[in-house]
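Working from the sequences, and respecting the hints, build out all of it.
There are 2 protein chains.
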Amino acid sequence: MATEKAVVLLSGGLDSATALAIARAEGYHCYALSIDYGQRHNAELQAAKRVADAGNVVEHKVLRLDLRGIGGSALTDQDIDVPRHPAIGIPVTYVPARNTIFLSLALGWAEVLCAWDIFLGANAVDYSGYPDCRPEFVRAFEQLANLATRAAVEQRGRFRILTPLMQMSKAEIIRTGSKLGVDYSLTVSCYAADERGLACGVCDSCRLRARGFHEAEISDPTPYRC
Amino acid sequence: MATEKAVVLLSGGLDSATALAIARAEGYHCYALSIDYGQRHNAELQAAKRVADAGNVVEHKVLRLDLRGIGGSALTDQDIDVPRHPAIGIPVTYVPARNTIFLSLALGWAEVLCAWDIFLGANAVDYSGYPDCRPEFVRAFEQLANLATRAAVEQRGRFRILTPLMQMSKAEIIRTGSKLGVDYSLTVSCYAADERGLACGVCDSCRLRARGFHEAEISDPTPYRC
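Chains A and B are the protein sequences, given in the same order.
Going by this note's numbering, the first residue of the first sequence is number 130, and it counts up by one from there.
Going by this note's numbering, the first residue of the second sequence is number 130, and it counts up by one from there.
Read the hints as simulated data drawn from the structure, not as lab findings.
Any given hint could turn out to be false.
Because identical chains share one entry, a pair is satisfied inside a single copy or across any pair of copies.
Stated by the list, open to error - Straight-line distance between alpha carbons at most 20 Å, and here's what the computed SDA-like set of lysine to any residue pairs gives: (1) Lys190 <-> Gly167; (2) Lys134 <-> Gly198; (3) Lys190 <-> Gly200; (4) Lys134 <-> Gly200; (5) Lys134 <-> Ala281; (6) Lys134 <-> Ala253; (7) Lys308 <-> Leu276; (8) Lys178 <-> Gly198; (9) Lys190 <-> Asp206; (10) Lys134 <-> Asp208; (11) Lys134 <-> Gly156.
Quick look at the structure:
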């Protein structure tokens, strides 16, 4: 049982809410980090606040970094529509370098907090095919973190990027979180959620989520628009 | 001679101004990226604008990301003084994970621009000992970039982090830039520059810079406060 600090990247979606619950169950003192990056689905950030409150985190920090200045994704550029059908290859909802950027910010905060462990709700089973959700990406970031920082150079610790969901199906994630008491009605996964947090039901993220609840045989609490 | 696009991280200091001049001399179409991270020495950003204008960049983007929310450095926390004497070990002017964060943002923009090359003015000779200026850090980031991105997975290119100053002394950097026409009076290196861009003359960065001009036998155009 850990009694250490951990930084948990918290988007407000189903996966990161589960990762937070796992970190808490393992005994970590959790510091949740959300990024207000100009995402189309801003309801996600409201969800992150609800999840952080329900998860008894020590602190929930929201950093503002407007990635609309970079664009290149349906999530940060209003001129690119969120697809209503599965894509061939990596979909346009991919945000360039997003997890690299988010993990970098988590690393900076972890260093200030003297925390060595960073939780990321990445999953490489029921996912959208994003390259920065794969185990080889996570391992490469971990290696980088231990070269990049004063803490790693001057102290004896090593940073770890913990991805407890990596090899789980969406149904397994939902079962795990449900056992740990995660209230999934607080979370928002939809790429095109409206300001009330109501989900579209047709985007890639909605479909993966709905299928997960169905396969887990757990009632789906997601509020849909229609 | 390259005719490709490159993203150049431009702080407004002496090193990044030289890296930009080298990229231009190699024929790159340069896209300069500066980060307004709440740095104490905001005069740096004004310098970055001047350097970008003088360097004929295609575009100069300034992204706002307030790292004061993370703190942990004399450059982002007003409660930590900029030292007036050399430090033992890595000094308090180290900003947690700064180059990791900045390279991540450069990578995101490079991906959108279809640029494969990113210039970073890192130097491991006359420097403050920051871990994220070392060659092994740069190589690790390059490896990460080629796992993290859709461009690297779906296309045949590879991202490169180019650090032409890495093995140069400060005097060599200044001689190189001077030959390429860099106007160093436009740049600000001081960690404690005032709002007019006047340098303190005593911080680590000022001392390295002054010694560089002296050793290069080039007249130092730095405006000092006293």
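Verification of the hints:
Within a single copy, Lys190 and Gly167 get their C-alpha atoms as close as 16 Å, and across copies as close as 17 Å, so both meet the 20 Å cut-off. Taking the shortest Cα distances, Lys134 and Gly198 sit within 20 Å of each other only across copies (18 Å), while inside one copy they are farther apart (33 Å). Taking the shortest alpha-carbon separations for Lys190 and Gly200, only the inter-copy value of 12 Å comes in at or below 20 Å, while the best intra-copy value is 24 Å. Within a single copy, Lys134 and Gly200 get their C-alpha atoms only as close as 34 Å, which misses the 20 Å cut-off; across copies the closest is 17 Å, which meets it.
For the identical chains of this complex, Lys134 and Ala281 are intra-copy neighbours only, at 16 Å inside a copy versus 34 Å across copies, given an alpha-carbon limit of 20 Å. In this assembly of identical chains, Lys134 and Ala253 lie within 20 Å of each other by CA distance neither inside one copy nor across copies; the values are 26 Å within and 32 Å between. With identical chains, the CA atoms of Lys308 and Leu276 are never at most 20 Å apart, being 37 Å at best within one copy and 34 Å at best between copies. Taking the shortest Cα distances, Lys178 and Gly198 sit within 20 Å of each other only across copies (17 Å), while inside one copy they are farther apart (25 Å).
For a Cα distance limit of 20 Å, the shortest separation of Lys190 from Asp206 across copies, 17 Å, qualifies, whereas the shortest one inside one copy, 25 Å, does not. Proximity of Lys134 to Asp208 under the C-alpha cut-off of 20 Å is found in neither arrangement, the shortest distances being 40 Å within a copy and 24 Å between copies. Taking CA atoms no more than 20 Å apart as the test, Lys134 paired with Gly156 passes inside one copy only; the shortest distance there is 9 Å, against 48 Å between copies.
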